[in-house]
Amino acid sequence: MNESYQYISFYGLTFNVANCLSTIITVLIVFGLFFFLSRKISLRPGKAQNLLEWIVDFTNGIVKNAIPEKREASPIMLYVFVMFAFIFVSNQLGLILQVAIGGKTFVKSPTADPIVAMSLGLIALVLSHYYGVQKLGLKGYLGTYIKPVGFLFPINLLEEFTNFLTLSLRLYGNIFAGEVLLSLIMQVAASHGWLTFVGAMPLSIIWQGFSVFIGAIQAYVFVTLSSVYISHKIESE
Amino acid sequence: MQPALLLTAQSSSLGDTLFVLVSFIILVLLVKHFAWGPITKMMNQRADKITGDLDYADQERKKASDLKQKREEALNNSQAEAVQIVANAKEAGNQQRDSIVSKAHDQAQDIQKKAREDAKQAKADAMKSVQNDVAELSLNIASKVIGRELSSEDQKDLIDSYIKELKSSHEAE
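Just so you know, the sequences run in chain order A and B. Per this note's numbering, the first sequence starts with residue 1, numbered consecutively. Per this note's numbering, the second sequence starts with residue 1, numbered consecutively.
Bear in mind the hints are in silico, worked out from the structure with no lab data behind them. Among the hints, a few may not be true.
[As the list claims (entries may be wrong)] For lysine to any residue, the following SDA-like pairs were computed, each having C-alpha atoms within a straight-line distance of at most 20 Å:
hint	chain 1	residue 1	chain 2	residue 2
1	A	64	B	40
2	B	41	A	42
3	B	49	A	32
4	B	41	A	36
5	B	41	A	78
6	B	32	A	32
7	B	32	A	48
8	B	128	B	140
9	A	64	B	41
10	B	144	B	157
11	B	49	A	50
[As the list claims (entries may be wrong)] From the structure, some residues in chain A lie toward chain B, with a derived Cβ separation under 7 Å:
hint	residue
12	20
13	27
14	78
[To be verified] Cβ pair distances, simulated, as ranges:
hint	chain 1	residue 1	chain 2	residue 2	range
15	B	71	A	65	46 to 52 Å
16	A	143	B	21	24 to 30 Å
17	A	134	B	65	46 to 52 Å
18	B	53	A	181	51 to 57 Å
19	B	21	A	101	24 to 30 Å
20	B	21	A	213	25 to 31 Å
Glycine included, C-beta positions come from ideal geometry on N, C-alpha and C.
Working from the sequences, and respecting the hints, build out all of it.
Structure follows, in structure tokens:
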């Protein structure tokens, strides 16, 4: 992985090809997986349906932990389900597939880019504000910024930005660091012939396994925290 | 156009953000239509079915236990009834026997009484006729033996004394 990308411009907007391509691949993998798993849905589940139901139960459990009331939790479940799958696949994509042509990276983990991570954070942020306004009304929602006392308004406002930034950058930092270290190990492996190649292999294996673990944990942390933020927003107190 | 393009070329933030947002929204819609909708519907159906089955099982169990209780009650009742019936029959038999016996007893007494009365009557009748006959006979005999006319008063005294004697002799028998 290196830091040089191909850019294309389209109607005045610039796109990073690596980000867009990786995002498309992730979307296709996630959709393909769920499409494949949901083909034969019946009351008595088969193997594929069991796996899908297990994932659904897992993400629903995350939402229920943060938002105990079922009526408020159910609209968020779909978002958490898709977001978890999307981030999980994104995190693993860079470990499985990295494509670099002519010194320019084309496919990597989309979440190893701060812009993509912040876009995902933005979705969580917008959803939390949306459900906050929906639950409390505009007045009640604005009222939460001067609680418990008025002079905390700047801190409450700042908290929104820090929540958003920590949520996004935690994801970005973990995945980016993982990929950087992986590419460093690759460089070491290629540096001094077969000796370093053999020596770096166990390191690479260990770090790849650890990155899979981190990718799963970060996906879990991201959806857990975003549902916690949403639950904070819809708390009437 | 060219400077603007160059300017935007420095940063792909907006383009990438929009791209990710749009692809995520499309992904959510696709997953909702193809996987999430059917699977949650089926899971809810299963949850409903399990709840319904559990309720049904509870109902059936309650019904079965009720039925069992009823059956046991009926069994106990039937035993008690059988005992009652036998006891009733025995009592009725005893009553009937007693009534038959007492009736027979009464009848026998009646018959006896009647017979006794009849006998008494017959005896009285017989006595009366005998008394008349004897009176006539003895008058005849007496008139023949004595050969003289008795006054009607003497005659009556004589007969009465005779009858008294007869009566006493009859009672002495």
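For this session: May I ask which of the numbered hints given earlier this structure violates, with the numbers listed in increasing order?
Result: Number 3 only.
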